[in-house]
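S.K.: Chains as they are written, first to last, in numbering that gives the first Met the number 0: chain A, 0 to 396; chain B, 0 to 396; chain C, 0 to 396.
The set of hints was computed from the structure by calculation and includes no laboratory data.
A couple of the hints might just be wrong.
Which copy? The list can't say, so a pair holds if one copy fits it or any two copies do.
[Claimed, not checked] Listed below are the simulated DSS-like cross-link pairs for lysine-lysine, each with C-alpha atoms no more than 30 Å apart in a straight line:
id, residue 1, residue 2
1, K62, K21
2, K258, K45
3, K262, K45
4, K182, K238
5, K45, K80
6, K62, K378
7, K21, K262
8, K258, K378
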Amino acid sequence: MTTSSHSGSSAGVTRQYAPYVKADWGYANHWYPALLSDELEDGTVKGITIGGHDIAVRRSAGKAYAISDRCIHRGVKLSAKPMCLSEGTITCWYHGFTYGLEDGSLTTIVGNPDDSLIGNAGIRTYPAEEVNGIIYVFVGDEDYGTPPPLSSDLPARVTNDPNNTPVPHLLDEGIVIRGIHRKLVGNWRLAAENGLDPGHLLVHWDNQILVALDRALPLGVNALTDSATEEIDIPDGPKGVMNRYDRPDLYQPVLDNPKVNMKARGTVPHYFRTSLWVPGVLMVEHWPITDVVQYEFYVPIDDHHHEYWEVIATRATTDEDIAEFNFKYDNFMLPLALEGFNNSDVFAREATEEHYTRFDGWNNEMLCDMDYSIIAWRKMAARYPRGFFESPFQDED
Amino acid sequence: MTTSSHSGSSAGVTRQYAPYVKADWGYANHWYPALLSDELEDGTVKGITIGGHDIAVRRSAGKAYAISDRCIHRGVKLSAKPMCLSEGTITCWYHGFTYGLEDGSLTTIVGNPDDSLIGNAGIRTYPAEEVNGIIYVFVGDEDYGTPPPLSSDLPARVTNDPNNTPVPHLLDEGIVIRGIHRKLVGNWRLAAENGLDPGHLLVHWDNQILVALDRALPLGVNALTDSATEEIDIPDGPKGVMNRYDRPDLYQPVLDNPKVNMKARGTVPHYFRTSLWVPGVLMVEHWPITDVVQYEFYVPIDDHHHEYWEVIATRATTDEDIAEFNFKYDNFMLPLALEGFNNSDVFAREATEEHYTRFDGWNNEMLCDMDYSIIAWRKMAARYPRGFFESPFQDED
Amino acid sequence: MTTSSHSGSSAGVTRQYAPYVKADWGYANHWYPALLSDELEDGTVKGITIGGHDIAVRRSAGKAYAISDRCIHRGVKLSAKPMCLSEGTITCWYHGFTYGLEDGSLTTIVGNPDDSLIGNAGIRTYPAEEVNGIIYVFVGDEDYGTPPPLSSDLPARVTNDPNNTPVPHLLDEGIVIRGIHRKLVGNWRLAAENGLDPGHLLVHWDNQILVALDRALPLGVNALTDSATEEIDIPDGPKGVMNRYDRPDLYQPVLDNPKVNMKARGTVPHYFRTSLWVPGVLMVEHWPITDVVQYEFYVPIDDHHHEYWEVIATRATTDEDIAEFNFKYDNFMLPLALEGFNNSDVFAREATEEHYTRFDGWNNEMLCDMDYSIIAWRKMAARYPRGFFESPFQDED
Chain A
0 MTTSSHSGSS AGVTRQYAPY VKADWGYANH WYPALLSDEL EDGTVKGITI GGHDIAVRRS
60 AGKAYAISDR CIHRGVKLSA KPMCLSEGTI TCWYHGFTYG LEDGSLTTIV GNPDDSLIGN
120 AGIRTYPAEE VNGIIYVFVG DEDYGTPPPL SSDLPARVTN DPNNTPVPHL LDEGIVIRGI
180 HRKLVGNWRL AAENGLDPGH LLVHWDNQIL VALDRALPLG VNALTDSATE EIDIPDGPKG
240 VMNRYDRPDL YQPVLDNPKV NMKARGTVPH YFRTSLWVPG VLMVEHWPIT DVVQYEFYVP
300 IDDHHHEYWE VIATRATTDE DIAEFNFKYD NFMLPLALEG FNNSDVFARE ATEEHYTRFD
360 GWNNEMLCDM DYSIIAWRKM AARYPRGFFE SPFQDED
Chain B
0 MTTSSHSGSS AGVTRQYAPY VKADWGYANH WYPALLSDEL EDGTVKGITI GGHDIAVRRS
60 AGKAYAISDR CIHRGVKLSA KPMCLSEGTI TCWYHGFTYG LEDGSLTTIV GNPDDSLIGN
120 AGIRTYPAEE VNGIIYVFVG DEDYGTPPPL SSDLPARVTN DPNNTPVPHL LDEGIVIRGI
180 HRKLVGNWRL AAENGLDPGH LLVHWDNQIL VALDRALPLG VNALTDSATE EIDIPDGPKG
240 VMNRYDRPDL YQPVLDNPKV NMKARGTVPH YFRTSLWVPG VLMVEHWPIT DVVQYEFYVP
300 IDDHHHEYWE VIATRATTDE DIAEFNFKYD NFMLPLALEG FNNSDVFARE ATEEHYTRFD
360 GWNNEMLCDM DYSIIAWRKM AARYPRGFFE SPFQDED
Chain C
0 MTTSSHSGSS AGVTRQYAPY VKADWGYANH WYPALLSDEL EDGTVKGITI GGHDIAVRRS
60 AGKAYAISDR CIHRGVKLSA KPMCLSEGTI TCWYHGFTYG LEDGSLTTIV GNPDDSLIGN
120 AGIRTYPAEE VNGIIYVFVG DEDYGTPPPL SSDLPARVTN DPNNTPVPHL LDEGIVIRGI
180 HRKLVGNWRL AAENGLDPGH LLVHWDNQIL VALDRALPLG VNALTDSATE EIDIPDGPKG
240 VMNRYDRPDL YQPVLDNPKV NMKARGTVPH YFRTSLWVPG VLMVEHWPIT DVVQYEFYVP
300 IDDHHHEYWE VIATRATTDE DIAEFNFKYD NFMLPLALEG FNNSDVFARE ATEEHYTRFD
360 GWNNEMLCDM DYSIIAWRKM AARYPRGFFE SPFQDED
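Extracted from the complex, chain A is given alone in its bound form:
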């Protein structure tokens, strides 16, 4: 076990965002991305897990539905062996329990159409929306009531872009979205913080995309005032924090550290800005190149795994523009940014998990000055918790 040879504690700070420390399974009662639209062909079923909720996502007559992935009878996953016998229903492959997609009610049992359970039992459903190629699901307490609008759980629309046309919002019309997602080891908060973190540039020091484009990347970026990371709290709307890299009066790049004989590399300056939004969505404006935007979702699966979503959006309406974006996505952005560059972050997050799991890292970390934006995020995420996911596992007899 590591032991510090100097005193140091962040317990005082920890108390300022106690709900966040508690949110090991994630925040409940939020919209999360479930699947990319093109992963769910009509008539099919896919199983996912968000915050411990096993959910079957089913497309029927073109529309995406989300329903509990546990048959009420013997508890098997419906998605283990998808069976769709009619539009508007999903059938359990084991004993034929058939549920309506709208309300989850048990509408028939294949081998026993007169069973007394029919009409008197069911499984829960989840609100689902599909916009611009992403299927979102609202996951949380069954009695939560009407969910807030999807837009309140996405980054705010950018209006103050200093140099260019503001990057598109995920719900904008006339945009194209491409992306990937994958299950990673690591708590969702470690992933989210890694995305925003102004102090981790070192892991990208040698990434091929930066070398190829000769991008100027400082060793670090240091806040000059407390307002360098802006808190954005829109009533009934998005909550997040933004590193105002667009404001030279707020940030100073570190270009040289003679103690370790390191200098910043690259000569081509490039403007971008990072912000992180509840319940765990990163926006990187003008990344990896100007006029596109990279969004990342850190969707809690359980307390030690998250689904890492990376999507890139751009404005494109003509076939020619769309084809051009797709070509650049397939042959440049996907391999060099989403995979090449971000894989360094994946390594870092997975390497961080051990300490937080085995050594109670949330109470045994030592934050530094560079962590101002991490702390701002934690406080923001702790401000209005709608609910907390909890372990669904029950003890055996």
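With the hints as your guide, set chains B and C onto chain A.
M.R.: Positioned in the frame of chain A, the structure of chains B and C alone reads:
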């Protein structure tokens, strides 16, 4: 976690078979199959585990013996590196502790023939019987006393076959038995219930053997009266429940479910009947074809694994009849029935385990009308428990 | 589960070495081997774990340093992605925290040279020594004070060799050491006891090196008096026990066991002697051949794994002698002794672990007369405990 949107509970029913719910490691003080005879050549040792008991099965001078598979000295498994230095003994490969097979007493230590432990220590032995190609072991409390006859832990002899010669009993003379066994994920009770279950025909909907033989398989079979599943409780003999599919007055096949637009397939009727016996033995008469019988054993290994035994028996005494059966077994019954058809059951059981393990399924299931025979089985299995296996694992210091 | 059919308990004996039974994670505040010198090139870092302590071993300007392998910031392992930017420091690859190797103090952060943590935080270091090709680290309580000399944690220098020149000590000048180490399943005590154990010759019965050299190996060696295993307790120096196989008045070989029809094999007598030293170092004099010595270290990693070290030392100063030893090591001692012969011990230790882990073996073993030297070792190891490693893992929130 699944949450019902309707009320529903089987707690009242659960109380009627409480000993069964408790039997997560299996029922103790019963005969269980240990090995097929041809898996144990003379002079060899194989290690098995039944209900948490690690047992070394050793054949010496033709006879099969069962003895604890833990050396009393440092606790290694004797079967880890079999060492048989003389008939009637088994020797631990580590320090040479040598035990008599009849009573388990420590008869010598290879490197120290005068050790004071010799004659004053030993390991337990288990009663073993070998009949018709199967070695059975009686496993349970060491002080249980004289075990009941093996026949009391096997299905009863069939006497009321309606159409054909009754199928042979496992202890009959003049029969041939072929089969396989394998370790599966899943509690033994989930496996046993799956075997009897009249409600799971859907998982066999598309099995090749049914399509090839054009067998008429209904969507379900529904009991018309409470006596459709017969309770069989023979004094000092087998205890079990039988789905009386031979009685058209008791069962009605479901051939059509218009709600999901499904109809039963196949045109060739075929008579069979299923029954399940304590401590976990299935008999399927005239399956997969008329005049043979399929037995299945669901032998508890621990609370989450069982050894799945599938054997087929037939009457055959002449070399020609035996050769004909073996040919059909190797090229039809093994690939299409024991593997092809039953692998759908294997999938179902393994898929069911997660709910029962993580979500306390025994108290969080919702049984339906089709489960009448499952409940009859649970009550029968709970009626006269001879004992319960328990986890053998002890806490570390 | 094993159950004795006879009474038997070693509880009375167990109380005589209670601190040893407690030492499941190993004894703290001792010197342990960390790496072979040639495994750590200049400028590189390797991560190891001893008694639950994750340690980064770094060579800088030729010298080996040991430092905590957990960055104080977010707890990642420094060795996960070694980053050495200047002599005398080690840098965390994630956020650039840079520590001095001498005292572990935080000397800079790559991207934030003015961070207020710099100079006010740090990680612990461990004393390290490098002698004759082995890097040793002193691991234990951070406030232990000045460590005892390395020699106190190695076998004593042999002075009473009866037939030959005494074998060399690990700290002697003019010697050559070759060896290997590997991570094994099994508590370190099971490994140490296996090394000394006079009763386990049976596992080596058929080893190729013995057959090739026609070595006379008895079935067992039995002590004639209580002093057969000598206790060696040097003030401020090594503590150990030695099987005095050099004294024919103390030991009698067992050459025949008619009960199991076994006789000792081999005709060529060979003198060797085994001794075991705190905190877990075996010395086998004149093994595998006369004039060389085999040392083994059983270094605790956690409570269920140890690092198994096997090294052979000989006197050699001329290039010709060194080349001759290396040739014999590569083509005879390594394959036939360290791997061939000792792999039988590896098998035995790993097979023993299950019983001690799952069935509380330390309180459920039945020692025999042959275990006199095991008990002597346990008492010696329990006599002056400097400290105990404990599980470093903390509960999660």
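S.K.: Determine for every hint whether it applies to the structure shown.
M.R.: Status of each hint after checking the structure:
1. K62 with K21: Neither: 36 Å inside a chain and 45 Å across chains, both beyond 30 Å.
2. K258 with K45: Close across copies (23 Å), not inside one copy (53 Å); limit 30 Å.
3. K262 with K45: Classified as between; 26 Å across copies, 48 Å inside a copy.
4. K182 with K238: The answer is within: 25 Å in one copy meets 30 Å, while 49 Å across copies does not.
5. K45 with K80: within (10 Å within a copy, 37 Å between copies)
6. K62 with K378: neither (38 Å within a copy, 45 Å between copies)
7. K21 with K262: This pair counts as neither: shortest intra-copy Cα distance 40 Å, inter-copy 52 Å.
8. K258 with K378: So K258 and K378 fail the 30 Å test inside a copy (34 Å) and across (52 Å) alike.
Checked against the numbered hints listed earlier, the structure breaks hints 1, 6, 7, 8; every other hint is satisfied.
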